[in-house]
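Q: Go by the hints and put chain B onto chain A.
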Amino acid sequence: MQREGLAAGLKAGLTIAIGYFPVALTFGLLAKTTGLSLTETVAMSMFVFAGAAQYISLSLIAAKVDPVLIVLNTFIVNIRHFLMTASLNEKMQPDARWKKAVYAFGITDETFSVISTTGEGRVRTSYAAGVIILSYASWVIFSGVGHIIGANLPLFLQAAMSIALYAMFVALLVPSLKGNRKIVLLALTAAAMNGFFFWTGLLSTGWAIMVSTLASAVIVEVLYARRGKVLRRAVERKEGA
Amino acid sequence: MGSWYWWMLLGMAVVTYLPRAIPLTFLEGKELPPAVSGVLRNIPFAVLGALIFPAILYAQPDDLLFGVIGFASAALIAWMGGGVMGTVLGTIAILAVYSLLAG
Numbered sequence: 001m002q003r004e005g006l007a008a009g010l011k012a013g014l015t016i017a018i019g020y021f022p023v024a025l026t027f028g029l030l031a032k033t034t035g036l037s038l039t040e041t042v043a044m045s046m047f048v049f050a051g052a053a054q055y056i057s058l059s060l061i062a063a064k065v066d067p068v069l070i071v072l073n074t075f076i077v078n079i080r081h082f083l084m085t086a087s088l089n090e091k092m093q094p095d096a097r098w099k100k101a102v103y104a105f106g107i108t109d110e111t112f113s114v115i116s117t118t119g120e121g122r123v124r125t126s127y128a129a130g131v132i133i134l135s136y137a138s139w140v141i142f143s144g145v146g147h148i149i150g151a152n153l154p155l156f157l158q159a160a161m162s163i164a165l166y167a168m169f170v171a172l173l174v175p176s177l178k179g180n181r182k183i184v185l186l187a188l189t190a191a192a193m194n195g196f197f198f199w200t201g202l203l204s205t206g207w208a209i210m211v212s213t214l215a216s217a218v219i220v221e222v223l224y225a226r227r228g229k230v231l232r233r234a235v236e237r238k239e240g241a
Numbered sequence: 001m002g003s004w005y006w007w008m009l010l011g012m013a014v015v016t017y018l019p020r021a022i023p024l025t026f027l028e029g030k031e032l033p034p035a036v037s038g039v040l041r042n043i044p045f046a047v048l049g050a051l052i053f054p055a056i057l058y059a060q061p062d063d064l065l066f067g068v069i070g071f072a073s074a075a076l077i078a079w080m081g082g083g084v085m086g087t088v089l090g091t092i093a094i095l096a097v098y099s100l101l102a103g
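Protein chains in written order, with our numbering: chain A, 1 to 241; chain B, 1 to 103.
No wet-lab data here; the hints were simulated from the structure. We put the beta carbon where it would ideally sit given N, CA and C, even for glycine. Careful, some of the hints might be misleading.
With a straight-line Cα cutoff of 27 Å, these simulated DSSO-like cross-link-like pairs (lysine-lysine) come out [said to hold, decoys possible]:
hint: 1; chain 1: B; residue 1: 30; chain 2: A; residue 2: 64
hint: 2; chain 1: A; residue 1: 11; chain 2: A; residue 2: 99
hint: 3; chain 1: A; residue 1: 229; chain 2: A; residue 2: 182
hint: 4; chain 1: A; residue 1: 91; chain 2: A; residue 2: 178
hint: 5; chain 1: A; residue 1: 182; chain 2: A; residue 2: 91
hint: 6; chain 1: A; residue 1: 11; chain 2: B; residue 2: 30
To spell it out: a stretch of chain B is covered by chain A in this simulated footprint if at least three of its residues, at any positions, have a beta carbon under 8 Å from a beta carbon of chain A; those stretches are [claimed, not checked]:
hint: 7; stretch: 36-42
hint: 8; stretch: 53-67
Bound conformation, chain A alone (with noise of 0.2 Å):
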């Protein structure tokens, strides 16, 4: 059977373009009023395409900080995607180094999220495709529209809005914690240790994610490795006897 393709990643990328469209339009309007051009506000989405250190580095310049270390800042917020593309490349048809070069530029938080979580089994660049070109058209789009005409939308609206990325994250996770325990253990540990970094203020939110998903996968592993251990054994026990 032919697995899903281009359609199919532009049909799961729209739900990442509705949920980009409030977090780029006040991008936009922010970049505005921190005193970035429209080419520069445009730019800066173009060429970094990542929302959270996009955010933090229009306070930062807002704040006269050094460029060099709003670059550093920049990777740190950015190195958990170190982590994101590894796992990536284990759900990734193999494919030709230059694709994977080219596709890897849209991976995000958001696009990393629903491409993972597609289905059994290996996923076409066809399909990240599909996924990415819509999330960056949005992102990228809906900055410029946020410096010309501002976060122009009703504010019941605009804050409403401000859920779409996390519903959308709610609703990849909870079909797949459907009778499998596994998923529910990853998810709850790293939720539980990601708490406890932002309420003890410990970790700023970069290393805060970082460290609680890589934990909660290693622990999780550690775990259900021993248990396999523990079940092979009883099964040559009773082989044996």
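A: Leaving out everything else, chain B in the frame of chain A:
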């Protein structure tokens, strides 16, 4: 902004791209030890947990109830099989009503 802005942008673009591209290109065709690939396969579900919580509670930083209602609505709609788009739009609709009433 001056020319420093464009140099900063170049730096930001490079340090954002590298963590995305290095694993995808360098690991292509490589067979990882089972333990490592097991951990990597766990990442999507762990990262979703961390991306959702606790940030969803602070979607509107000064209104905790907004986040709680949003979290509960999204979880319920998704659990009942609303799909990704249905969950996103449904949650937005519920919070739009809440924001109208509360605001």
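Q: If a hint holds in the structure, say so; if it does not, say that too.
A: Hints, verified against the model:
A C-alpha spacing of about 44 Å is found between residue 30 of chain B and residue 64 of chain A, which places the hinted pair above 27 Å, so the restraint is violated. Pair hint residue 11 of chain A plus residue 99 of chain A holds up; C-alpha atoms about 21 Å apart against a cutoff of 27 Å. Taking the CA atoms of residue 229 of chain A and residue 182 of chain A, the gap is about 16 Å. The hint holds against a cut of 27 Å. At roughly 21 Å between alpha-carbon atoms, residue 91 of chain A and residue 178 of chain A fall within 27 Å of each other, so this suggested pair holds.
At roughly 18 Å between alpha-carbon atoms, residue 182 of chain A and residue 91 of chain A fall within 27 Å of each other, so this suggested pair holds. Among the hinted pairs, residue 11 of chain A with residue 30 of chain B is inconsistent with the structure: their alpha-carbon atoms are about 31 Å apart, more than 27 Å. Note: the stretch 36-42 of chain B has 6 residues with beta-carbon separation from chain A under 8 Å; the three-residue rule is met and the coverage holds. By the rule of at least three residues with a Cβ nearer than 8 Å to a Cβ of chain A, the coverage given for the stretch 53-67 of chain B holds, with 8 such residues.
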